[in-house]
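Q: At position 111 of the sequence shown the residue is numbered 111 (full-length UniProt numbering), and the sequence of numbers has no breaks.
Take these hints with a grain of salt, some might be off.
Here are the simulated lysine-lysine pairs, BS3-like style, with alpha carbons at most 25 Å apart [claimed, not checked]:
1. Lys107 <-> Lys134
2. Lys40 <-> Lys153
3. Lys107 <-> Lys31
4. Lys84 <-> Lys40
5. Lys109 <-> Lys153
6. Lys134 <-> Lys40
7. Lys153 <-> Lys134
Computed beta-carbon distance windows for the label pairs [claimed, not checked]:
8. Lys40 <-> Asp146: 21 to 27 Å
9. Ser74 <-> Thr48: 18 to 24 Å
10. Asp96 <-> Gln59: 30 to 36 Å
11. Pro88 <-> Thr143: 20 to 26 Å
12. Gly58 <-> Ala128: 16 to 22 Å
13. Thr48 <-> Pro9: 29 to 35 Å
14. Asn80 <-> Gly118: 18 to 24 Å
15. Leu102 <-> Pro29: 31 to 37 Å
16. Gln21 <-> Asp96: 15 to 21 Å
17. Thr143 <-> Ser14: 19 to 25 Å
The set of hints was computed from the structure by calculation and includes no laboratory data. Every residue, glycine too, gets a C-beta built ideally from N, C-alpha and C.
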Amino acid sequence: MADSQTVAPLADFSAAMTSGQTFQLSGRPAKYTVLFFYPKDNTPGCTTENMAFRDAYGQFQAAGVEIYGISRDSLRSHENFKAKLGLPFELISDPDETVCNLFNVMKMKQMYGKTVRGVERSTFIVDAQGRLVKEWRGVKVATHVDEVLDFVKN
Numbered sequence: 001m002a003d004s005q006t007v008a009p010l011a012d013f014s015a016a017m018t019s020g021q022t023f024q025l026s027g028r029p030a031k032y033t034v035l036f037f038y039p040k041d042n043t044p045g046c047t048t049e050n051m052a053f054r055d056a057y058g059q060f061q062a063a064g065v066e067i068y069g070i071s072r073d074s075l076r077s078h079e080n081f082k083a084k085l086g087l088p089f090e091l092i093s094d095p096d097e098t099v100c101n102l103f104n105v106m107k108m109k110q111m112y113g114k115t116v117r118g119v120e121r122s123t124f125i126v127d128a129q130g131r132l133v134k135e136w137r138g139v140k141v142a143t144h145v146d147e148v149l150d151f152v153k154n
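Based on the provided sequences and hints, a complete structural model is requested.
A: Below is the structure:
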């Protein structure tokens, strides 16, 4: 697993998200904000990852952590996905890849024997000052949420 620990200030950004809200990086009151990028709503790995964050949501909340999922899907797709899975956190829609490009998660990947451009499953932790404090790239879904939870608790 690619993994690094840095403390770097991020450029402020805003993006549309579910529940008719707009995400703004600056001024987040949480101790930490978790931004997890995933390829596509309603696909097996992405569904499993979103459910894992959902199931651990109470533990993240207890640690003072906000969670946001991000993909290139439309707000309509996100609203349906969020309702279907009962997600307690908001999903950020990034159809023009602005946020994906800020975090450099667009990669060439192999899918069904073809090379396609898509989102590399990645997670970033931002502190209350808007600094990137931890990132995971090329995430494997199975134990990832536990790793993120361990980091924010310690």
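Q: Each hint: holds or not?
A: Hint check:
no., hint, in the structure
1, Lys107 <-> Lys134, "holds, 20 Å"
2, Lys40 <-> Lys153, "violated, 28 Å"
3, Lys107 <-> Lys31, "violated, 30 Å"
4, Lys84 <-> Lys40, "holds, 14 Å"
5, Lys109 <-> Lys153, "violated, 33 Å"
6, Lys134 <-> Lys40, "holds, 23 Å"
7, Lys153 <-> Lys134, "holds, 13 Å"
8, Lys40 <-> Asp146: 21 to 27 Å, "holds, 23 Å"
9, Ser74 <-> Thr48: 18 to 24 Å, "holds, 21 Å"
10, Asp96 <-> Gln59: 30 to 36 Å, "holds, 33 Å"
11, Pro88 <-> Thr143: 20 to 26 Å, "holds, 21 Å"
12, Gly58 <-> Ala128: 16 to 22 Å, "holds, 21 Å"
13, Thr48 <-> Pro9: 29 to 35 Å, "holds, 32 Å"
14, Asn80 <-> Gly118: 18 to 24 Å, "holds, 20 Å"
15, Leu102 <-> Pro29: 31 to 37 Å, "violated, 21 Å"
16, Gln21 <-> Asp96: 15 to 21 Å, "holds, 18 Å"
17, Thr143 <-> Ser14: 19 to 25 Å, "violated, 32 Å"
In this structure, the earlier hints numbered 2, 3, 5, 15, 17 are contradicted, and the remaining ones agree with it.
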